[in-house]
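> Listed here are the chains, written in short residue letters.
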Amino acid sequence: MVTPSAPRQPAATTGPSNPTGVRAVDLELAQRCRRGDAEAFEELYRAHAGRLYNLVFRMAGSADEADDLLQDVFLHAHRKLASFRGDSSLGTWLYRLAVNHCLDFLRGRQAKMTRVTDSLDEEGASEPAAASPSVPTAVSRIDLERAIARLPDGCRTAFVLHDVEGFEHNEVARLLGVSEGTSKSQVHKARMKLRAMLSGIA
Amino acid sequence: MSCQEYEAQIGDYVDGAMDEARRASFESHLTTCASCQAIVADFTVIRAASLSLEPQVPPPHVWRKLSAAIEAEPKPLLGFGGTPWWRALAPVAAMAVLVASLSWTAAQLTSVPGERVARLTPATPTEPVSILAEYQRAERDLSSTIEGLERIASDSTALDMETADVLKANLTVLDGAIGESREALKNEPENDVAQESLFEALRNKVALLQDTIALINEMRKGNQEGAARIVSGLNQ
Numbered sequence: 118m119v120t121p122s123a124p125r126q127p128a129a130t131t132g133p134s135n136p137t138g139v140r141a142v143d144l145e146l147a148q149r150c151r152r153g154d155a156e157a158f159e160e161l162y163r164a165h166a167g168r169l170y171n172l173v174f175r176m177a178g179s180a181d182e183a184d185d186l187l188q189d190v191f192l193h194a195h196r197k198l199a200s201f202r203g204d205s206s207l208g209t210w211l212y213r214l215a216v217n218h219c220l221d222f223l224r225g226r227q228a229k230m231t232r233v234t235d236s237l238d239e240e241g242a243s244e245p246a247a248a249s250p251s252v253p254t255a256v257s258r259i260d261l262e263r264a265i266a267r268l269p270d271g272c273r274t275a276f277v278l279h280d281v282e283g284f285e286h287n288e289v290a291r292l293l294g295v296s297e298g299t300s301k302s303q304v305h306k307a308r309m310k311l312r313a314m315l316s317g318i319a
Numbered sequence: 067m068s069c070q071e072y073e074a075q076i077g078d079y080v081d082g083a084m085d086e087a088r089r090a091s092f093e094s095h096l097t098t099c100a101s102c103q104a105i106v107a108d109f110t111v112i113r114a115a116s117l118s119l120e121p122q123v124p125p126p127h128v129w130r131k132l133s134a135a136i137e138a139e140p141k142p143l144l145g146f147g148g149t150p151w152w153r154a155l156a157p158v159a160a161m162a163v164l165v166a167s168l169s170w171t172a173a174q175l176t177s178v179p180g181e182r183v184a185r186l187t188p189a190t191p192t193e194p195v196s197i198l199a200e201y202q203r204a205e206r207d208l209s210s211t212i213e214g215l216e217r218i219a220s221d222s223t224a225l226d227m228e229t230a231d232v233l234k235a236n237l238t239v240l241d242g243a244i245g246e247s248r249e250a251l252k253n254e255p256e257n258d259v260a261q262e263s264l265f266e267a268l269r270n271k272v273a274l275l276q277d278t279i280a281l282i283n284e285m286r287k288g289n290q291e292g293a294a295r296i297v298s299g300l301n302q
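Heads up: the sequence lines are chains D and C, in that order. Residue numbers for the first sequence follow the numbering used here, beginning at 118 and rising by one. Residue numbers for the second sequence follow the numbering used here, beginning at 67 and rising by one.
Bound conformation, chain C alone (with noise of 0.2 angstroms):
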């Protein structure tokens, strides 16, 4: 083998990736080839010095540059602090369950029959049952309202399908929440804990419906700012 194939073969040797026999090879020529032996130690000095190279440090005004191109780029629809909106929603929407039925099941525990009334009645025995026949009118004005609402909101392909199936789940949340409502004041219809209980989820799920359908419409129109804003809404 010529001194100039030798040479081509330093790069292995420094490396370490030469098996035994080349290197008995090559080691024997190195013993007869001071050229061979002047690179084979440049190189080891090259390669030690670029493996110890310092680190460099990236100055600040990158990441301060790259922040702010992030800011100006296309946000994806957001809502509490980073959290997806209709993840967001998951637990507005459980609180106000576990409120209502915290609330109804401990008036439940500490009532006793005739207080309900009377703290509906303050004034003449007959108000309950006008109260009781506007709560079942204002039921069935927003059960009207809901419904629309829901035909709407029905047609979500504008969201994908994660967060139509979340916001599908907040919504079952919600028809639990009236379910009960409704079954408990079956047995007891002026029961006025259960009828706040389901106003509260009716107006809850109206709500979550108005704003599905707005959030629909600011993604139809490709409007992430106004979509944004709604999210913002549903923050305060």
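Pulled out of the complex, with its shape left as it was, chain D reads as follows (with noise of 0.2 angstroms):
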């Protein structure tokens, strides 16, 4: 019997052991960058961006719009650093700024086709469970990249944000402004498409 893991806790909640301390430098920071000091601004990027790109570059599904998405979060949070209130960290505002962009980015998209795949609120019904396909244990990353890759916008967002940035299921349906149970079944419908795919069989 497969024993399930440890539930992870996701970095972008994880607080600071010292929120005040680190929050002042997040403020002065931000007030450095908001004055237009072009270093504070570098500063900023090269802090948040790795984390970010992760982010943008999953949910997007692709390197080159994640290029230019990760570009258009930065220049977003350039122009909007003057309602940066330290309320959270610098890096969950910019991290809810980016999932905000992303979601625009995949609405647009999805308006764009004809063929809609499916909702970011639709309560998605689960694949069908295949008859006995079995995902190999060592499973190969790029084979994973490419099979998150293929996922619905809808199902691969809510994923991205649970399996891979490790987020609960109450803070996945905050981050997308669904219900809890859509977060859950999304995430299922996903984990059902990759199995497939991942064995083989789609």
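Hints listed in this document are in silico derivations from the structure and should not be mistaken for laboratory results. Incorrect hints may have been included.
[Stated by the list, open to error] If you want the footprint, here are the derived chain C segments under chain D, 3+ residues with CB under 8 angstroms:
1) 68-81
2) 102-116
3) 124-134
Treat the numbers as computed from the prediction; the structure is a model and nothing was measured. For each residue, glycine too, the CB sits at the ideal point set by N, CA and C.
Using the hints, put the two chains back together into the complex; each one sits in its own frame.
So, in structure tokens, the structure goes:
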């Protein structure tokens, strides 16, 4: 029997050991950026670009789109830094900005497509369980990345936030503006699709 | 509970999100259901592999394009190396006052009566009087100029409150220096160091007010570049 793994604490919501101190640093960095300090903004980019790129890369499903999205997210952040009040860490603030930006992008992309694959708030029906597909225990990371990229936007978003980024379902639900049940069903749907793809069935 | 209902709970089981009772019931079902066992095994592999995916690294061209895009964005009004102009002025004003005060104090400490007049009056004994008159006339002119400039600069609605406050603080520093110099000159009208201190502070005040007015004008016109040029001039 397989023992379930312990839930992982999501990095984006992991509180710093000394939140007040960290926020003071964030506020100072944000203030320097607002003054037009180019070095401060590069500092901000270097500190957060990697984590945000992971998110946008997997939410968008392609490197080209991820590059543009990351640029847009930071450009948007640059314009919106005046609204940063230090209620959360700068990392969390940027992360939410990136999630919202990705969702807008995905909605726009979906609107352009004549074939709507699924909706973010759709109570997606699970894939019918395949007879007995078996995912290789040593699944290749490249295969997994490709399979994630092939997922429909809606369930990929929930899957990336939950299984890759490590958020709990209630947090995914808040970030996406959907119910916790929807988050669960979308992640389940994504896992079933991935299972089929990685077993060579789809 | 049907197998399909158990299947819907596989996610919670794999995520470790079941309480003891639900988990016991689910595991009891697993012992008899090969299909659910297979899904649990596959979901567990997928989840573990997803959590350990290699981090993606943003390519360098993203930052290059981003920094170019930000460069093209309207700039906040900045002065010395990214510092707002009004903050940059604070040390300038403070330094002017400090230099003036130090030189005046140093002169007070090192000079002896008669030397000051001698330095000012290398030619004839009547010269200090005419120089004093010139100083007084020049001071009146400068003070008059300052009054006019202050009237114009007092309408600083184009500047934000914080900027106006700091500007006011800088002017207060300069006014303090002017007041001290004048006080010293009351006791020693011919004290050339006090006179120099006074003129230095007056000139600084004129320059600060002129720049303030020019900045207000540029801000009213919405000309960030023009304002930046003025700030750049302050740097030199």
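> Each hint: holds or not?
Outcome of the hint check:
Three residues within the 8 angstroms Cβ limit are the bar, and the region 68-81 of chain C against chain D gives 8, so the coverage statement holds. For the region 102-116 of chain C, the stated coverage by chain D holds: 14 residues have a C-beta nearer than 8 angstroms to a C-beta of that chain, and at least 3 were required. Only residues whose C-beta sits within less than 8 angstroms of a C-beta in chain D count toward coverage, and the region 124-134 of chain C has 8 of them, enough to reach three; the restraint holds.
The structure agrees with every numbered hint stated previously.
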